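Quick note, the sequence shown lines up with residues 1 to 292 if you use this note's numbering.
Check before you lean on any hint, since a few could be wrong.
FRET-style restraints, in silico, Cβ to Cβ [unchecked claim]:
1. R129 to A223: 17 to 23 Å
2. R129 to L218: 18 to 24 Å
3. S255 to E133: 16 to 22 Å
FYI, nobody ran anything at the bench for these hints, they're computed from the structure.
Owing to the predicted nature of the structure, the values given are computational and were not obtained by experimental measurement.
For every residue, glycine included, the Cβ atom is placed at its ideal position computed from N, Cα and C.
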Amino acid sequence: MPEPKRKARGKNAVGADPLAGLDSERLAGLLTDRGERPADAAPPPEGTRAMRRKRTSRRPAAARKTGGLQLELESPERPAAEPAAAPTEPKSRRTKPERLEPRLEPEVEALAPPVHDPGDPDSVVSAARALSEQGRSGQAVALLERAFEGAARSAVVAVELGRVHSRSGAFNEAEEALQQAIRLDPGSGAAHLEMGILQSKKGLYSNAVHALREGLGLECDPARGNYYLGICLNQLDRIDEAEGAFEQAVAADPSFDRAWYQLGIVWDRKGDVDRAREMYRRARQVAAKSRG
1 MPEPKRKARG KNAVGADPLA GLDSERLAGL LTDRGERPAD AAPPPEGTRA MRRKRTSRRP
61 AAARKTGGLQ LELESPERPA AEPAAAPTEP KSRRTKPERL EPRLEPEVEA LAPPVHDPGD
121 PDSVVSAARA LSEQGRSGQA VALLERAFEG AARSAVVAVE LGRVHSRSGA FNEAEEALQQ
181 AIRLDPGSGA AHLEMGILQS KKGLYSNAVH ALREGLGLEC DPARGNYYLG ICLNQLDRID
241 EAEGAFEQAV AADPSFDRAW YQLGIVWDRK GDVDRAREMY RRARQVAAKS RG
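Full structure from sequences and hints, please.
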């Protein structure tokens, strides 16, 4: 009775190709690992060549058996002579990189307060104006307040204190200081003039006109006084009076470019475009000369 046929195992028959049944991709991978590549396999992308580690065989060229297939592998050629490695110093002799300390900028010396005589109002005002020009209005206020409470108590110091407060936007403090100046010296044209300017900044144009005219009547700073007077009159739609105020301002100071410009605005409102353009041109000329 014939023996029953046994099931074929997964082992290949003798003489069969052990690589049969592998697709070209797996075949290429297997042969690449061994240092060869089949002739019909596509070359690997150039980007991947540098990423793959080359395997070098330590043994001489020999025939390696893969099942029944013998693959002749050649060892890669070695360079004739390898460059000698540069001598390195012992770790103990290595010097650490020099640590650079951060450079510190030289400290800017604080500006010294202007020299003044605490008992002389004009000297105190001069020092306070110097501080204001340097942008140190807080120190100017402190200096004026200290002087006003001391030996230099006067309308001159109070007017300057009101002016500094007004420029910094502290209108309530400015008005209080100017009222003190007027009480100390009712005939102070500067006190009335600064009070009028302060009222114009607050939008109280009628009050400002009254104070400015009182200051101008005391012959105080006609260019600046008439300029602000013209501003207030123009806001009150009293255009002819505003024109006269601006004309007096440029007559007192021909280099007053802002007064020339406001005069152009007045002529614009009156409908005389040519005169308005002429005033604007004069304003630009005067401003260019002052800058040059």
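These are the hints, each one checked on the structure:
{"no.": "1", "hint": "R129 to A223: 17 to 23 Å", "in the structure": "holds (18 Å)"}
{"no.": "2", "hint": "R129 to L218: 18 to 24 Å", "in the structure": "holds (21 Å)"}
{"no.": "3", "hint": "S255 to E133: 16 to 22 Å", "in the structure": "holds (20 Å)"}
In this structure, every one of the numbered hints holds.
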